[in-house]
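**Q** The chain contents come next:
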Amino acid sequence: MSLGSIFLLALLEGLVSASVLALTASGLSLVFGIMRVVNVAHGEFFMLGAVIAWFVSHWVGGPPAVAFVLALGVAPLVVGGIAALADTLVLKRLNYEPEATIVATIGLLYILQQGALSLFGPNALPVPAPFDLRLQLIGFGYSGYKLAVIAAAVVILLSLWLILTHTRIGLVMRATQIDRNTARAFGINVDRVYAMVFAMGAGLAAIAAVLIVPIQQAHYLMGADPLLLSFSVVIIGGLGSLRGTVVAALLIGMVDQVIPIFLPVVLPDYGAYFTPTLAKILATLVVALVLVFRPQGLFGKRHA
Amino acid sequence: MLRLEGIEAGYGAVQVLRGLSFAVEPGEVLCLMGRNGVGKTTALRAIMGQVPVSAGAILVDGVAVQDLAAHDVPKEGIGYVPQGRRLFGDLTVAENIEIGLMTRGRDARVREKVLTIFPRLRERLGQISRTLSGGEQQMLAIARALCLEPKVLLLDEPTEGLQPSMIALIRDTVVALKETGVATILVEQRVDAALSVADRIAFISGGQVAETVDTGGMTEQSPQFAAYVGV
Numbered sequence: 001m002s003l004g005s006i007f008l009l010a011l012l013e014g015l016v017s018a019s020v021l022a023l024t025a026s027g028l029s030l031v032f033g034i035m036r037v038v039n040v041a042h043g044e045f046f047m048l049g050a051v052i053a054w055f056v057s058h059w060v061g062g063p064p065a066v067a068f069v070l071a072l073g074v075a076p077l078v079v080g081g082i083a084a085l086a087d088t089l090v091l092k093r094l095n096y097e098p099e100a101t102i103v104a105t106i107g108l109l110y111i112l113q114q115g116a117l118s119l120f121g122p123n124a125l126p127v128p129a130p131f132d133l134r135l136q137l138i139g140f141g142y143s144g145y146k147l148a149v150i151a152a153a154v155v156i157l158l159s160l161w162l163i164l165t166h167t168r169i170g171l172v173m174r175a176t177q178i179d180r181n182t183a184r185a186f187g188i189n190v191d192r193v194y195a196m197v198f199a200m201g202a203g204l205a206a207i208a209a210v211l212i213v214p215i216q217q218a219h220y221l222m223g224a225d226p227l228l229l230s231f232s233v234v235i236i237g238g239l240g241s242l243r244g245t246v247v248a249a250l251l252i253g254m255v256d257q258v259i260p261i262f263l264p265v266v267l268p269d270y271g272a273y274f275t276p277t278l279a280k281i282l283a284t285l286v287v288a289l290v291l292v293f294r295p296q297g298l299f300g301k302r303h304a
Numbered sequence: 001m002l003r004l005e006g007i008e009a010g011y012g013a014v015q016v017l018r019g020l021s022f023a024v025e026p027g028e029v030l031c032l033m034g035r036n037g038v039g040k041t042t043a044l045r046a047i048m049g050q051v052p053v054s055a056g057a058i059l060v061d062g063v064a065v066q067d068l069a070a071h072d073v074p075k076e077g078i079g080y081v082p083q084g085r086r087l088f089g090d091l092t093v094a095e096n097i098e099i100g101l102m103t104r105g106r107d108a109r110v111r112e113k114v115l116t117i118f119p120r121l122r123e124r125l126g127q128i129s130r131t132l133s134g135g136e137q138q139m140l141a142i143a144r145a146l147c148l149e150p151k152v153l154l155l156d157e158p159t160e161g162l163q164p165s166m167i168a169l170i171r172d173t174v175v176a177l178k179e180t181g182v183a184t185i186l187v188e189q190r191v192d193a194a195l196s197v198a199d200r201i202a203f204i205s206g207g208q209v210a211e212t213v214d215t216g217g218m219t220e221q222s223p224q225f226a227a228y229v230g231v
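Protein sequences appear in the order of chains A and B. First residue of the first sequence: 1, per the UniProt record's numbering; consecutive thereafter. First residue of the second sequence: 1, per the UniProt record's numbering; consecutive thereafter.
Hints were generated in silico from the structure; no laboratory data involved. Among the hints, a few may not be true.
Derived Cβ-Cβ restraints for the label pairs, each shown as a range [said to hold, decoys possible]:
1) A151(A) <-> D67(B): 48 to 58 Å
2) G105(B) <-> I163(A): 16 to 26 Å
3) P164(B) <-> I102(A): 41 to 51 Å
For clarity, every value in this text was computed on a predicted model and none was experimentally measured. The C-beta atom is built at its ideal place from N, Cα and C for all residues, glycine as well.
With the sequences and hints as input, model every part of the structure.
**A** In structure tokens form, the structure reads like this:
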């Protein structure tokens, strides 16, 4: 493979990571931006999406595409429902106090994780891709499904942006984000908005998981990585900023893939250093620098 | 139209309102005056359901609203212009107005009416509201509340920090609303502003109404202002 082909491969892999990360992190960002809740259980909603995709693909017969499309509909609905229930039963009762909700979502994390372990077991659960297509690019073959993941993420993120900026419910959500007391004074049922936002955030994580699970497999412990990376993305991009989330996800996704794939080829003498771990160290360093020099994130607004 | 009967309310263990009672009728402007911390803003917030009421009743046309969820209170026809305007600052002027309209399912007719009252807002519909001048922000805060077509309008220090021309515009708006039968409760620190629009002034002290006076015979030198407001 030529250097250009390897770079293109790294870019594509980076885009796949970034797409899934952008979807997952946008859910986390939405929840924090509007509800001011740091949802430590967000990674578990991602995990639930993946195991539900496995469950659907396992129990629905016929071609994988049918089960996949079904999973893409069922997983966000079920996970969103669980999230809305958690919001009503737990977070609302805590009056969305920041410290209390962190502790509560840590508890939720363990409940969901151990629940998945009990129901689905400790083994990795494979989910077949909806289609098997290999495209010949410049010098290498590439999975058509991975390109579809990128396209799907772009469509979903654009839809989310359109919902937030061009619909009445988006307007209500933005008003609630700015000032929940004043929103109430104008008839907005903030509790209902919060339940919906929490469900939407969890649903986005579930969709991301369904998209990636044919590549990664489902496992009850798979929520930790997406959670940590989502926090990195949200901190770099700025809490509550969808644009920032996408840009930061691209940055982290690219760093995550370009470093271990491309740099060892360019600098073979130092190849052993360019590992996925180095990519994560660099991402963490960027998070630290952002926290020091621009704590509101690249696209976030500074709050008084 | 709006009647408070023996309202007790506060923030946690701190009780601010101690048996507050007053009433305002259609087409009347009642001004609440008093020193800082006596409970004027708390009274408005209690009406809006933003401060828990531990005793007493708040009646709008006979309907008790003190136990309603805060988001159901404006649906009873109460428009609120909070202290400091509390606009949705990152939203445009048009979006702030849209929020007001959706509260009671109002339509383009009401939007047009409100923009006729405040034509300057029509020129700024696409502007982010926090970038408006102080006076324009106050216009928008009032316009947003008027989008509800309220029976009762609560105005919390609407003239605070505004230039005289803007104060005059707000006074004219309140007078015009009064003529349409809207009952207005105005919290005001400026004696001249209060006297220019209010029909009655309720002086609040210690979380209750100490004295209610018709403004007809009052001047800026009336002894109540020195006694209850400290001016």
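**Q** Look at each hint and say if it fits the structure.
**A** How the hints compare with the structure:
1. A151(A) <-> D67(B): 48 to 58 Å: holds, 52 Å
2. G105(B) <-> I163(A): 16 to 26 Å: Holds - the Cβ-Cβ distance for G105(B) and I163(A), about 21 Å, lies within 16 to 26 Å.
3. P164(B) <-> I102(A): 41 to 51 Å: Given a distance of about 50 Å, which is inside 41 to 51 Å, the answer is holds.
Of the hints listed earlier, there is not a single one the structure fails to meet.
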